[in-house]
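These protein sequence lines map, in sequence, to chains A and B. Under our numbering, read the first sequence as residues 462 to 657, first letter to last. Under our numbering, read the second sequence as residues 60 to 236, first letter to last.
Since the hints were derived computationally from the structure, they do not count as laboratory data. It should be emphasised that the depicted structure is a prediction, and the values quoted were computed from it without experimental measurement. Any given hint could be a false lead.
Label pairs and their calculated CB-CB ranges [said to hold, decoys possible]:
1) B:ARG155 - A:TRP629: 40 to 48 angstroms
2) A:GLN468 - B:PRO113: 24 to 32 angstroms
3) A:ALA597 - B:PRO113: 16 to 24 angstroms
Glycine included, every Cβ here is placed at the ideal spot set by N, Cα and C.
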Amino acid sequence: MAPFDLQALIGNSGSYFLYLAIGFGFGFILESSGFGDARRLAAQFYFRELRVIKVMFTAIVVAMTLIFWSTALGLLDYDEIWVNPTYLWPGIVGGLIMGLGFIMGGYCPGTSLVSMVTLKLDGMFFALGMVTGILAFGETVGYFNAFWHSGAMGRFTLPEFLHLETGWVVFLVVCMALVMFVGFEWIRGAIYGKAK
Amino acid sequence: MNNVADKTRYWNPYVSGVLLGLLLFLSFFLTGHGLGASGGVNRMVVAVEDLVIPEHVDRTPYIAQMAGGDRDPLGHWIVWQVVGVLLGGFVSGLLRGRVKVQTYHGPQISSHTRWGYAFIGGVLMGYGARLARGCTSGQALSGGAVMSVGSWAFMLAVFAGGYGVAWFFRRLWQAGE
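Construct all of the structure, not just a fragment, from the sequences and the given hints.
Here's what the structure looks like:
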């Protein structure tokens, strides 16, 4: 049953090659979606273009549904896949800082790599800043370790939080994505007109 | 701006989303992990630190857990995935003639202004992503798909932060009023 013990199956170099291939696909899709261009990413926050939300939530819905079905069919062991442990407060504060960083810088870490490697200078400056920020975090986290571990809830999932069957959560997230797609289009139309 | 030509050059966002979703599922199915970016960059940064100032690395707990003593910060799946992202982005850009030196900036600001803001934004992103234990890829996309409560809270915070300050920085991205 999936996920597989890659170490035993294809060894060290085999697994590294697999991760390299997955990363290749990820970078290829990001660039092909226009995510190497900060203007298109930032446009999401002015409702001018909605690529960010369309790509991201379509991907989440597709992956979530497939994970749910393969688990239900007994092909995938959900307990064995990595679910980001919840540390509520640093997650929320970090997220707010990133929202500000996104508006100022125009990229997120992954998209800046794609921008940089296609020789966009703004992507390179962003990536340089990102490295600086990462370095600064490693040097300063020692001063606020308690906060960095605050709101710890371990592996905590939406079905547990909402007290609902997983299938219902998947259904609700799909509905939410559809409402968002329609709603954001409507807002864009109201601001910029239907023409574009 | 020739929007028609631009649009035909990039994939339809829903098509991109489906492909990205399939890739994300495949990643979880085969490896048990989702996608990531900032974590890989983090380990590359630490690897350089470990070369330059190894004693300091051993003394700083957060970094030592990745590179202290004999530990190799680069022997981790996410590093290889980030190398793949760089290659994949490059090949995609190359095939479409988009690999060229240029600066993307809003119509109201110069390239130099853009570089300055890009750097500051990058610092905030790098710091925030480590504070939140992941970025848009590792937390929002991957954690979102496996229904982590923390990842959904994080995702809401990123969008709330972005929409909350967008108006103040509109001169960076929008045309003049």
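Status of each hint after checking the structure:
1. At roughly 41 angstroms, the beta carbons of ARG155 of chain B and TRP629 of chain A sit within the given window of 40 to 48 angstroms.
2. Taken as a hint, the range 24 to 32 angstroms holds for the pair GLN468 of chain A and PRO113 of chain B, whose Cβ atoms sit roughly 28 angstroms apart.
3. Evaluation of the 16 to 24 angstroms hint for ALA597 of chain A and PRO113 of chain B yields a pass: the beta carbon distance comes to about 20 angstroms.
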